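Protein chains in written order, with the working numbering: chain A, 1 to 263; chain B, 1 to 619.
Everything labelled a hint here was simulated from the structure, so no lab data went into it.
Hints should not be assumed to be uniformly reliable.
Which stretches of chain A does chain B cover? Using the computed rule of at least three CB atoms under 8 Å from a CB of chain B, they are [unchecked claim]:
(1) 19-27
(2) 118-127
Pair ranges (Cβ atoms, derived) [as the list claims (entries may be wrong)]:
(3) A:T113 x B:A113: 54 to 62 Å
(4) B:S89 x A:R36: 14 to 22 Å
(5) B:A113 x A:Q55: 50 to 58 Å
What you are looking at is a predicted structure, and each value in this text was computed from that prediction instead of being measured.
Note that beta-carbon positions come from the ideal geometry of N, C-alpha and C, so glycine has one too.
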Amino acid sequence: MPQARAEKPLSFGVISQRSAVLTAEYWNPILAYLSRKSGVPLALKLGGSGPETSQRVGRGEFDVVYSNHIFTVDNDKVGYRVIARPLGSAIRGQIVVLEDSPVARLADLDGKTVAFPHNQAFVAYYVTQDALLRARVQVVPSFGGNQEGAMAQLKSGRAPAASVNSRIMSEYAEREGLRYRVLWSSAEFLNIPVAVHPRVRREQAQALQAALVGMAADEEGARVLAAAAALVQEKPPYGFVKVTDEEYESVRHFYRASLVRPD
Amino acid sequence: MALRISTRLVLVSTVLLLVWGGSVLYLLGRSEVSHLRGHLTETLESQIRLMVPGITEQVVIGNYDMIERMLAARAQRPPVAWMRWHDVSGPQLLAAGTRQAATAPAWFVAWAALPVFERAQPIAVGGLTYGEVAVALDPAGALDQVWQELATAAGLLLAGIGTLLAAIVVVTRASLRPLDELNAAARRFGEGDYAQRADAAGAPEMVAAAQAFNGMAQRLECALASLRESELRWQFALEGAGDGVWDWDLRAGRIYFSARWKAMLGYAEGEIGDVFQEWQSRIHGDDLDATLRAMARHLDASTEVFVDEHRLRRKDGGYRWFLARGKVVERDDEGAALHMIGTHTDITARRQADAELRRHRDQLQALVQEQTADLRRAKEAAEAANREKSLFLANMSHELRTPMHAMLAFAQIGRDRGDERTSSYFERIRTSGERLSRLLNDLLDLSNIEAGRMTYTAEEVDLHETVTEVSEEMRPLLGAKRLTLAVAPPPHAPRVTGDPARLAQVVRNIVANAIRYSPEGGRIDVAFNGVAHRQVEMTIADQGVGIPEQELETIFDKFVQSSATRTKAGGTGLGLAICREIVRAHKGRIRACNGPQGGAVFHIVLPGIETAEEDVYEI
Numbered sequence: 001m002p003q004a005r006a007e008k009p010l011s012f013g014v015i016s017q018r019s020a021v022l023t024a025e026y027w028n029p030i031l032a033y034l035s036r037k038s039g040v041p042l043a044l045k046l047g048g049s050g051p052e053t054s055q056r057v058g059r060g061e062f063d064v065v066y067s068n069h070i071f072t073v074d075n076d077k078v079g080y081r082v083i084a085r086p087l088g089s090a091i092r093g094q095i096v097v098l099e100d101s102p103v104a105r106l107a108d109l110d111g112k113t114v115a116f117p118h119n120q121a122f123v124a125y126y127v128t129q130d131a132l133l134r135a136r137v138q139v140v141p142s143f144g145g146n147q148e149g150a151m152a153q154l155k156s157g158r159a160p161a162a163s164v165n166s167r168i169m170s171e172y173a174e175r176e177g178l179r180y181r182v183l184w185s186s187a188e189f190l191n192i193p194v195a196v197h198p199r200v201r202r203e204q205a206q207a208l209q210a211a212l213v214g215m216a217a218d219e220e221g222a223r224v225l226a227a228a229a230a231l232v233q234e235k236p237p238y239g240f241v242k243v244t245d246e247e248y249e250s251v252r253h254f255y256r257a258s259l260v261r262p263d
Numbered sequence: 001m002a003l004r005i006s007t008r009l010v011l012v013s014t015v016l017l018l019v020w021g022g023s024v025l026y027l028l029g030r031s032e033v034s035h036l037r038g039h040l041t042e043t044l045e046s047q048i049r050l051m052v053p054g055i056t057e058q059v060v061i062g063n064y065d066m067i068e069r070m071l072a073a074r075a076q077r078p079p080v081a082w083m084r085w086h087d088v089s090g091p092q093l094l095a096a097g098t099r100q101a102a103t104a105p106a107w108f109v110a111w112a113a114l115p116v117f118e119r120a121q122p123i124a125v126g127g128l129t130y131g132e133v134a135v136a137l138d139p140a141g142a143l144d145q146v147w148q149e150l151a152t153a154a155g156l157l158l159a160g161i162g163t164l165l166a167a168i169v170v171v172t173r174a175s176l177r178p179l180d181e182l183n184a185a186a187r188r189f190g191e192g193d194y195a196q197r198a199d200a201a202g203a204p205e206m207v208a209a210a211q212a213f214n215g216m217a218q219r220l221e222c223a224l225a226s227l228r229e230s231e232l233r234w235q236f237a238l239e240g241a242g243d244g245v246w247d248w249d250l251r252a253g254r255i256y257f258s259a260r261w262k263a264m265l266g267y268a269e270g271e272i273g274d275v276f277q278e279w280q281s282r283i284h285g286d287d288l289d290a291t292l293r294a295m296a297r298h299l300d301a302s303t304e305v306f307v308d309e310h311r312l313r314r315k316d317g318g319y320r321w322f323l324a325r326g327k328v329v330e331r332d333d334e335g336a337a338l339h340m341i342g343t344h345t346d347i348t349a350r351r352q353a354d355a356e357l358r359r360h361r362d363q364l365q366a367l368v369q370e371q372t373a374d375l376r377r378a379k380e381a382a383e384a385a386n387r388e389k390s391l392f393l394a395n396m397s398h399e400l401r402t403p404m405h406a407m408l409a410f411a412q413i414g415r416d417r418g419d420e421r422t423s424s425y426f427e428r429i430r431t432s433g434e435r436l437s438r439l440l441n442d443l444l445d446l447s448n449i450e451a452g453r454m455t456y457t458a459e460e461v462d463l464h465e466t467v468t469e470v471s472e473e474m475r476p477l478l479g480a481k482r483l484t485l486a487v488a489p490p491p492h493a494p495r496v497t498g499d500p501a502r503l504a505q506v507v508r509n510i511v512a513n514a515i516r517y518s519p520e521g522g523r524i525d526v527a528f529n530g531v532a533h534r535q536v537e538m539t540i541a542d543q544g545v546g547i548p549e550q551e552l553e554t555i556f557d558k559f560v561q562s563s564a565t566r567t568k569a570g571g572t573g574l575g576l577a578i579c580r581e582i583v584r585a586h587k588g589r590i591r592a593c594n595g596p597q598g599g600a601v602f603h604i605v606l607p608g609i610e611t612a613e614e615d616v617y618e619i
């Protein structure tokens, strides 16, 4: 709806890591740049919540998607193909508490409330919940809607611990001045990829991939990336690199082996 | 129509309080409306501020159902008129607010002039404009609330004003009650209750007014009592005098006749009306014109008082004389008479007495005229007889003097030629003849004077020389009695204009009398004195027996001699009478008196001749 171009834009879905507004503030300039550069019009589409976004991914509603929910057992059938991922360190799933929290071990969380973004988050739910289940620690989940929603519960004290994306958490803590302690951390996973739906034409996918990969090197693209990163206190390097589906095989594998089952 | 003070105070207070209350309400209304305007502006901003994050969130995720629900939910909150989302792609969502029935009147809404408050806020995230959210606030509801508050305030204000007015009415009535009582007292006083007094109570001003009224009433009561007494005395006097009173109101054309006035004409009360015609129709026809003219002259202020005597017809048909006196006591600005009062006095008796007096006077006048005619005739007869006498005397004197001269001449001859005895006879004849001759001369002179035939020359005469000459003539007589005639030398010549012979006759006569009545060896003094107005006075004084006081004037009458000298021989009793006539003919005067040392003194005063030295005469 926001776009009013003659050519129907491609819908660009984004995983719910932050609030919708902050997500839009982050992505809209990037999408505008990509549209101009690639010639492929893009329109940001957000779900009302993480699960809804994940479900829409599963229904293949988005032409382009920034999400790792495409690797779940069910969503993998849609056939999204990764074309790029953000530069920078890999991500981890973490269970964090406030720095002065008395909780010292995962076992200390048994029977306690732990804040999660939502039950579709990869590193912040599947990975951490799997670890808790394996450690036989039964917690009471409290869903915050997105990554920062769960972090807000921790900050406010409503939950003694939070299950988070390590990269989002560090950015949030720096932005909000929150001092926290990592109680448990997962292995590293590649950052969330940008993927295209099979109905997207190849030249459009290639144009988008080229624009993404070349964005950091482009003066305008770098400025847009820097501005977006500044919004969420994202650390450099900025920009995207080309990836392949094979590089995310570990993620697909985790979904298949996880003790966590989708509701 | 004049309003009572309390009513005026209440009206003025009501107007002032209503104006004040209206002003308060107006200012309160303005303040409330201004406050409402600010409140609505803030509310508008607040609505936008509250709406934008939620709308933005939903717009970003494209949840238009949620947006519509949000708009609808917020639109239900007054004073929101409507809320609208206008998507940049064209479609819009509109949620209308609930509009309650307005309770504020249309004029109040128009007076408040509050528009619909609108505010639109574009929604852009990350440089991408999604659309515009707009909010409109309807001030009607808030205006209703303001109207209700103002109505409540107006009600309270009116209640307060009503209470205040009631208090004003109570206080005013209480304050003015002494004034009402004073007014009632004044009305009763005006109706004749002169003992009425006001109660001096209440506010100091009322006490002062009551005291002033009481003082005035006291003085008026005294004055009215005096007036009543005066009126009673006046009525008593009029009734005692028998006068009838009338009081004429010319404006109303009414005239009041007193009972006495009607009774004088034989009428009882009620038998005569109260118009001027009642009076006029009873005036005697011969008097009517004069009476009406006199009345008209007074009515037009030509006379100070109306006074007229006329006859009025009584009830029995007879006429009586009346004296009418009246005066206009009130005139208008142009001088026209408005009110006249007067009396009628029955003067019939006086008029009859006057007529009687006139009749007696006429008779007396006729008698006097008749007697005057008789006297005139007697006088004329006497004058004719006197003239005949004078003529007779003149003729007789003349006829007697001629033979008398012959007799004297022959007596002189006989005395000188006869023997001693014969000579003595002739001497007696001569002496008697001389006396008779003088008597004849005097008679002749007197008759000439009385007959108007005496003539005088007008020459300059020096009286000193005249006296000197007479003195020389009298020397033998003076020597015979060893008398001294002393003539005091005058400082200036005593000159007069006259007949020298007649003036010498006067001097001679008086000196002769002095010689005749002076004792032997005596002295006769002649002196001249200047008197005022250029006159010459000559004084001849002797040392004789003098003249009795009661005879000082009569001795100048004809044939009169002083009783003191009558026994002495010689006088004819005509000399001084002739002297007076001669002096009078010279416009002079002669008088006699007695000297301080005795003796007679004769003063002769004659007009002098102007000289350069005249001013030195002593006065």
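Which hint numbers doesn't this structure obey? Failing hint: just 2.
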